[in-house]
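Q: Here are the chains, one letter per residue:
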Amino acid sequence: MLSCKHTTHLLSEALDRPLSRRERFALRFHLLFCRGCRAFQGQMDFLRKASRSFIHWRDAGDQ
Amino acid sequence: MTDTRNAEIISGFRPQMLKFARLQLQDDSGAEDAVQEAIEAALGGIDRFAGRSALKTWIFTILRHKIIDALRERGRTVQVSSLERDESELDEAFDALFKENAHWSPQSRPKPWGDPEEALQQRQFWHVFETCLEILPARTARVFMMREFLGFETDEICTTLALTTSNCNVILHRARAGLRQCLNQGWFAGEAQPC
Ligand SMILES: [Zn+2]
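These protein sequences, in sequence, are chains D and S.
Note that our numbering has the first sequence beginning at 1, numbered continuously upward.
Note that our numbering has the second sequence beginning at 1, numbered continuously upward.
Treat the hints with care, since some could be wrong.
To give an idea of the chain S side of the interface with chain D (calculated C-beta under 7 Å), a few residues [stated by the list, open to error]: (1) Phe20; (2) Gly45; (3) Asp47; (4) Ala50; (5) Ala54; (6) Phe149; (7) Leu172; (8) Leu179.
The hints are simulated quantities; they were obtained by calculation from the structure and are not laboratory data.
Remember, predicted model here, so these are calculated numbers, not experimental data.
Using N, Cα and C, we set each Cβ at its ideal position, and we do this for glycine too.
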């Protein structure tokens, strides 16, 4: 069983590279039983979305 | 939105950048060099920025990184540490969220964020987001922005900044975990609980 800390590393790397089958399986298994890591996963996805929106966000100062 | 307009915006930041670099480096020609290098490095990919804030956050991050490199080259570790929150400090803050067995400790186990989509519509949220990026260590922030703002692949980032792949992965994780914690405290914790 993965530790939560290890899981956070895999969740981060999943945003940067395709995980191996083995990693995907271990991750899915951990997430099934761990609310904390599921929340962390949602927040990682949100960070990506927020970053993409940030570069398009136009302040009132922008023309 | 054109590159030309962003290039103009960047040159508009120049005086402020110079002032910042002079203050940190205490040396005019060193400051000029750092600013010039930062501007050149920032020009690649600027067409992706539609807003001034994000562009400014990006270019000042590169400048901070250049200044820290210059200070390190001169062996001025004291100034480096006063300018930069240490990477190891962030790692310690992250480690503190876990028990001995590397599972979440009950009080710091992440909880889902209320309505994150709605945050994206709010001006005040973006100010918090900017601040959270600004307090990341310079290199950490730069790697994160190359990945998430400019959409570079990890190996391109590693090559450009002369890092190993595992180093890059560790830095990206550090950045994301740090931002998560900062937003959690600075924005989502203050949210009203749904009744
Ligand atoms: Zn977990």
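Q: Now tell me if each hint is right for this structure.
A: Outcome of the hint check:
The restraint placing Phe20 of chain S at the interface with chain D is violated, with a minimum CB-CB distance near 19 Å, outside the 7 Å limit. A cut of 7 Å between beta carbons decides the hint on Gly45 of chain S: the least distance to chain D is about 10 Å, and the hint is violated. Evaluation of the Asp47 of chain S hint against chain D yields a violated restraint, the C-beta minimum of about 10 Å exceeding 7 Å. Given hint, Ala50 of chain S at the interface with chain D, holds; its Cβ is 5 Å from that chain's nearest Cβ, closer than 7 Å.
Satisfaction of the interface hint for Ala54 of chain S is found here, the shortest Cβ-Cβ separation to chain D being roughly 4 Å, below the 7 Å cut-off. With 7 Å as the threshold, the beta carbon of Phe149 of chain S comes within range of chain D, its nearest partner Cβ sitting at about 5 Å, so the hint holds. A distance limit of 7 Å between C-beta atoms decides the matter here; for Leu172 of chain S the minimum to chain D is near 6 Å, and the interface restraint holds. Residue-level restraint check for Leu179 of chain S holds (minimum Cβ-Cβ distance to chain D is 6 Å; threshold 7 Å).
In this structure, the earlier hints numbered 1, 2 and 3 are contradicted, and the remaining ones agree with it.
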